[in-house]
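> Each chain is listed here by its residues.
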Amino acid sequence: MDTPATAEALQEKVLTAIATSAEQAFETMVFCPLQHNGYVTLDEGQPCGAISGSIGLTGTVQDSGKPISGSVSLMFEKDTAEAMFRSMMMMGEDDPVVEAELKDAIGELANMVAGGAKSSLQGQGINFAIGLPTTVIGAQHNLSGPSDAARFCLKAASDKGPFVVSVILSQR
Amino acid sequence: MGNADKTILVVDDSSTMRRILVNTLNRLGFTQVVQAGNGVEALAECDKARFDCVMTDWNMPEMEGLELVTRLRKMADYQKTPIIMVTTEGGKSDVLEALTRGVTDYVVKPFTPDVIKAKMDRAFPA
Chain A
1 MDTPATAEAL
11 QEKVLTAIAT
21 SAEQAFETMV
31 FCPLQHNGYV
41 TLDEGQPCGA
51 ISGSIGLTGT
61 VQDSGKPISG
71 SVSLMFEKDT
81 AEAMFRSMMM
91 MGEDDPVVEA
101 ELKDAIGELA
111 NMVAGGAKSS
121 LQGQGINFAI
131 GLPTTVIGAQ
141 HNLSGPSDAA
151 RFCLKAASDK
161 GPFVVSVILS
171 QR
Chain B
1001 MGNADKTILV
1011 VDDSSTMRRI
1021 LVNTLNRLGF
1031 TQVVQAGNGV
1041 EALAECDKAR
1051 FDCVMTDWNM
1061 PEMEGLELVT
1071 RLRKMADYQK
1081 TPIIMVTTEG
1091 GKSDVLEALT
1101 RGVTDYVVKP
1111 FTPDVIKAKM
1121 DRAFPA
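Chains as they are written, first to last, in this note's numbering: chain A, 1 to 172; chain B, 1001 to 1126.
Isolated chain B (complex conformation) (with noise of 0.2 Å):
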């Protein structure tokens, strides 16, 4: 199963942010993804369908990023699946917080696509 069979679901509240990730994502052959704009939308797409890896932003209006997680992860589908928190939340304390609560792994903005590579080669190993 290559990267094109994969499906994503990219979350953050500002349109720059997720436009910057699908972009990232697409000319890393990953062209399957889909963007919601906070947590109460991502829960409505994964209602939809069963995604592959969910990127999502902390701090959003309406439901933010932990508390997604915290749902994801009570949801059979998602128990097990990649979540990569993409934030600028970057210090210690708040990377503890969120691997407690369930995020596989973490990415500080600003970032590379050399970054996003890195995190996506993780969470999809050849």
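Bound-form chain A, shown alone (with noise of 0.2 Å):
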């Protein structure tokens, strides 16, 4: 097992892992292939969205036992979350939404997408917990952490429309 020697290394692995995961869960589950360039490190504030779906994470590093926290979210305007529910649920694009479904599908997304990356860090000597999704309604919101902690924006481009992967992370 290839635990990672530094906090930087630490932090690849955990932002690569939740990029992988987002890719995957987007293909698999809403049909929709995302392209993007990487993360860009945000020193204040986050980006604003109409609809975002987070899930807490907290684990140790398995050799050091060192903890790491933080958060995972999704951020979306709310056509395009309205489009990635209606292709996830194979339904015509005309089809009406249901706020409580479209709540609880980028839920579930959000869900996926911190699963995948906490399988897939086990095997690389990073051991996370995750919690239960939580799901924002509202007008440009944006998201708030701990002020010590680092904050990553991967901004994804697909067919449905641009969204934003948002990660927290807290080595303390």
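It should be emphasised that the hints constitute simulated quantities derived from the structure, not laboratory data. The structure presented is a predicted model; accordingly, all values stated were derived computationally and were not measured. Any given hint could be a false lead.
[Claimed, not checked] Only pairs whose alpha carbons sit at most 20 Å apart, straight line, appear in this in silico DMTMM-like list of lysine to aspartate or glutamate: (1) B:1092 / A:63; (2) B:1074 / B:1097; (3) B:1080 / B:1105; (4) B:1117 / A:27; (5) A:66 / A:8; (6) B:1080 / B:1097.
[What the hints assert, rightly or not] Listing some non-contacts, in silico: residues in chain A with all C-beta distances to chain B over 10 Å: (7) 20; (8) 99; (9) 134; (10) 143.
The beta carbon of each residue, even a glycine, is placed where N, CA and C say it ideally should be.
Could you use the hints to bring the two separately framed chains together as a complex?
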């Protein structure tokens, strides 16, 4: 097992696992391949959106016992989220979307992204537990985290519209 | 006995995932599918009817999937019933724990319809 030696290496492994898991989840369940140019670091603030699904992560690095925690969030504008939902459910382009069902689907997508990353990282010496998903709907809301946490944003493009994978990581 | 005669219980707290599983099962010919939102609801359904197969999530509020499996395996009607866990918990140790607790087969989310078909074929060999 190749346990990451530095904080930067650990961060890189977690971010890569989350990006790969997002690609798999959207391609398999939403029938929607993603394009992206990797993460950008956010020094302040978070991207805004109309609907977001988030999952908390808590864990340890196996060899050192060092803690690692944070969250993974998916953030969409409403039109994109609805297009994703219709694709996931194999609905017609104009079929109405019920808000409660949309919230559940975005939460479940966040769950799959975090769960896939968790499974992948388990084999790399990083053991995470993930929480139950939470979903927020509200025009132009953003997500905050601990002030000392590192914040990353992966801007994804798809044929259903753009969206953001937001990752907050703390190694304290 | 064909697929249409089999009764399947789908247990997941996500209505999205239940809908995807029910649609997939329907397309495979399993038309008698009952849904439950967690382990407590699932046990209540099992008191009302005898299912030929149970598909359950792991992480759920009220009662999680592994507790449901443990309780089902203690019931005379469910000691040999195929129980398929459908979950994001895909680590090797997770799969081993589930199999040890009595799960028959395991599906990691995200999944394709072909994976569900393969698991149902294994649960109900021709």
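> Of the numbered hints stated earlier in the document, which are not met by this structure?
No numbers; nothing is violated.
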